[in-house]
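Trainee: Here the protein sequences come in this chain order: E and C.
At position 223 of the first sequence (counting the first as 1) the number is 223 in UniProt numbering, and the numbers step up by one without a gap.
At position 67 of the second sequence (counting the first as 1) the number is 67 in UniProt numbering, and the numbers step up by one without a gap.
Think of the hints as simulated: they come from the structure by calculation, not from any bench.
Be aware that a few hints might be false.
A pair holds if it fits inside one copy or across any two, identical chains being indistinguishable in the list.
What the hints assert, rightly or not - Below 30 Å or equal to it, Euclidean Cα-Cα: the simulated BS3-like pairs (lysine-lysine) are:
#	residue 1	residue 2
1	96	268
2	157	300
3	268	213
4	9	320
5	218	9
6	100	213
7	47	268
8	96	157
9	218	2
10	218	96
11	13	268
12	157	268
13	295	268
14	100	218
15	193	81
16	268	323
17	221	96
18	268	100
19	47	2
20	221	100
21	314	300
22	320	268
23	157	201
24	314	2
Below, each chain spelled out in residue letters.
Protein chains: 2
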Amino acid sequence: MKAITLDSKSPSKLSLTQVQERVLEFGEVKVSIRAAALNHRDEWCRKGLYPNIQDGIILGSDGAGVVEEVGDGVDLAWVGKEVIINPAINWGQDQKAQSKEFEILGMPRNGTLAEKAIVPADRLVLKPEHLSFEEAAALPLAGLTAYRALFYHGQVKHGEKVLITGFGGGVAQFAFQYALAAGAEVFASSSSKEKRSVATKLGAEDVFDYSEKDWAEKALKSSGGIDLIIDSAAGNTFNDLLQVLNPGGRLIFYGATRGNISELNARKIFWNQLKIQGTTMGSDQDFEEMVQFVKEQEIKPLIDQVFPFTDCDKAFDRMKDGKQLGKIVLVP
Amino acid sequence: MKAITLDSKSPSKLSLTQVQERVLEFGEVKVSIRAAALNHRDEWCRKGLYPNIQDGIILGSDGAGVVEEVGDGVDLAWVGKEVIINPAINWGQDQKAQSKEFEILGMPRNGTLAEKAIVPADRLVLKPEHLSFEEAAALPLAGLTAYRALFYHGQVKHGEKVLITGFGGGVAQFAFQYALAAGAEVFASSSSKEKRSVATKLGAEDVFDYSEKDWAEKALKSSGGIDLIIDSAAGNTFNDLLQVLNPGGRLIFYGATRGNISELNARKIFWNQLKIQGTTMGSDQDFEEMVQFVKEQEIKPLIDQVFPFTDCDKAFDRMKDGKQLGKIVLVP
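Extracted from the complex, chain E is given alone in its bound form (with noise of 0.2 Å):
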């Protein structure tokens, strides 16, 4: 079959090549994939900012497709089912973290990026039916991710004001798009102005350039005081965030493209009450959850472009530029 491989021989670092298919080990299932989405964490992977990444492996944590095959001990039932692949293995049973076997689809373990991917059944979820595949494969690592920040820490309620920081990353679109689902007042953050439009024409109720020296004292003035804030910026930021935080506010975020956090106002986080949460992914009921959110609320994930497996190179650019406004998703 042929897959998307790091290969550190290439100018790429990616090989599209043709791989052995591997025997079905107890509880698996081989998915034929109709389409996978990129993650960051796939652009990082082909950069090499994680420890022990092999050449030879098949990115790719978010894919969709048929099942074809099932290995001894799983229902065959699951053949020809239309089905999503949760890309959290071994979160174990503790809702509030993962385990220490907590792993991600595409690296260590060979990931989607294929025309066939290998998988524990138990990662298979029906594919809600109001979704093609290359929205149903946007899914799974962006969506669940939100939804852990915006429900299970955010705990998100109807009439709240909620601001979306970095609106164009996957991750900050769906938690956009639930937000609004569950009845929120929606405020969204984006230093591009194409990336801004589209926050406004999606139903924000205003969007703010972060990039403007007062534009938390604009985004206070606007909203009144935001009551949930989901950010992956982190770094010199979040005094701006805390100044617009009502008191009892919260601030979940799920990365730190900005680096570490320098100089908190501590006063401003205790007597105003704050919380400042951090998430990464999620259990398997948040992803459970998730999906049937999805399905209740008939949410189409945004896509920002889709390539075929040849041109995946361009897609990883793409991701790297930072330039997509929706997920970047791969067809075979």
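Starting from the known structure of chain E, arrange chain C on it as the hints suggest.
Mentor: Same frame as chain E, but now just chain C:
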């Protein structure tokens, strides 16, 4: 009546002086104070660290005594009752955070360091019988802050591992006692050998000297990981605390004696799903639950020393020097 007031002309900035008693307004009561207790807040008022500090104000947030007189609109049955005063005024209806009208007894409003204190009747709760007036006076501000930190925000559970930093402070000691009573395994830290040995005697699993460079490693090794930390230092110590926390752990803080929080390890927070939560004082509901808990568990506040009002300078100086182990109490 005699009262301890702020006096910028006195070398100690305090005066024990004769103050005119005023007439009760609607809904107020007059409490004959049997004991009052100091908090850092009183010392900070003496130092002029709050805005709008005025000479002549009667300091003191903590007090217990006997109701002597009630104003219009107050049930006469209160007269003669032994009471504790809740110093948190106008918290409001939101359990998540205090209202903008929130204030603390003892500045700007006259406080408890007087023979008589006038407070709204809804600030009274009956003194638990197992407490002397001195012990009851030690409870309100610090006991409330500790209760909210540990239970409302910290959601402490039986069998969890809890670390109380800076053992010796009033809030820290209540948090320590409450956590033990709640069935947690309790650890503590202090830079004072004497305070560490008291913590051990009181039931700490292990006690750490945070002035040692490798204290966090020792704490991690000894405890096997902490679920909940109650802290008031903030500053540059937070990364040490994050290192000690289990995945899904909570770090609740109610002060920042070491200043703002610098260089937080963002990845540690989001990957380990950690929560950092600020807290201060507590709602009326927190106060009622706290007194009920103290009653049921027969918790006795630790008293450092009891001074007569005439020794108020000595009492404040002891607070300033931070040598106390338990609450500093003053009696008229």
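Trainee: Hint by hint, say whether it matches the structure.
Mentor: Here is how each hint holds up against the structure:
1. 96 - 268: Both: 26 Å inside a chain and 15 Å across chains, each within 30 Å.
2. 157 - 300: within (21 Å within a copy, 40 Å between copies)
3. 268 - 213: Answer is both: 20 Å inside a copy and 28 Å across each meet the 30 Å cutoff.
4. 9 - 320: For residue 9 and residue 320, the Cα distance is within 30 Å only inside one copy (19 Å; across copies 66 Å).
5. 218 - 9: Neither: 49 Å inside a chain and 45 Å across chains, both beyond 30 Å.
6. 100 - 213: The answer is between: 27 Å across copies meets 30 Å, while 41 Å in one copy does not.
7. 47 - 268: Classified as between; 21 Å across copies, 38 Å inside a copy.
8. 96 - 157: Both ways: residue 96 and residue 157 sit 20 Å apart in one copy and 14 Å across, limit 30 Å.
9. 218 - 2: Cα proximity of residue 218 and residue 2: none, with 51 Å in one copy and 51 Å across.
10. 218 - 96: So residue 218 and residue 96 pass the 30 Å test across copies only (25 Å; inside, 35 Å).
11. 13 - 268: between (46 Å within a copy, 29 Å between copies)
12. 157 - 268: both (23 Å within a copy, 28 Å between copies)
13. 295 - 268: neither (40 Å within a copy, 33 Å between copies)
14. 100 - 218: This pair counts as between: shortest inter-copy Cα distance 21 Å, intra-copy 43 Å.
15. 193 - 81: neither (41 Å within a copy, 66 Å between copies)
16. 268 - 323: between (35 Å within a copy, 28 Å between copies)
17. 221 - 96: Close across copies (22 Å), not inside one copy (35 Å); limit 30 Å.
18. 268 - 100: This pair counts as between: shortest inter-copy Cα distance 14 Å, intra-copy 34 Å.
19. 47 - 2: within (22 Å within a copy, 74 Å between copies)
20. 221 - 100: Between copies, since 17 Å is at most 30 Å while 44 Å is not.
21. 314 - 300: Intra 24 Å, inter 69 Å, cutoff 30 Å: intra-copy only.
22. 320 - 268: between (36 Å within a copy, 24 Å between copies)
23. 157 - 201: Within one copy only: 23 Å inside a chain, 46 Å across chains, cut-off 30 Å.
24. 314 - 2: within (17 Å within a copy, 82 Å between copies)
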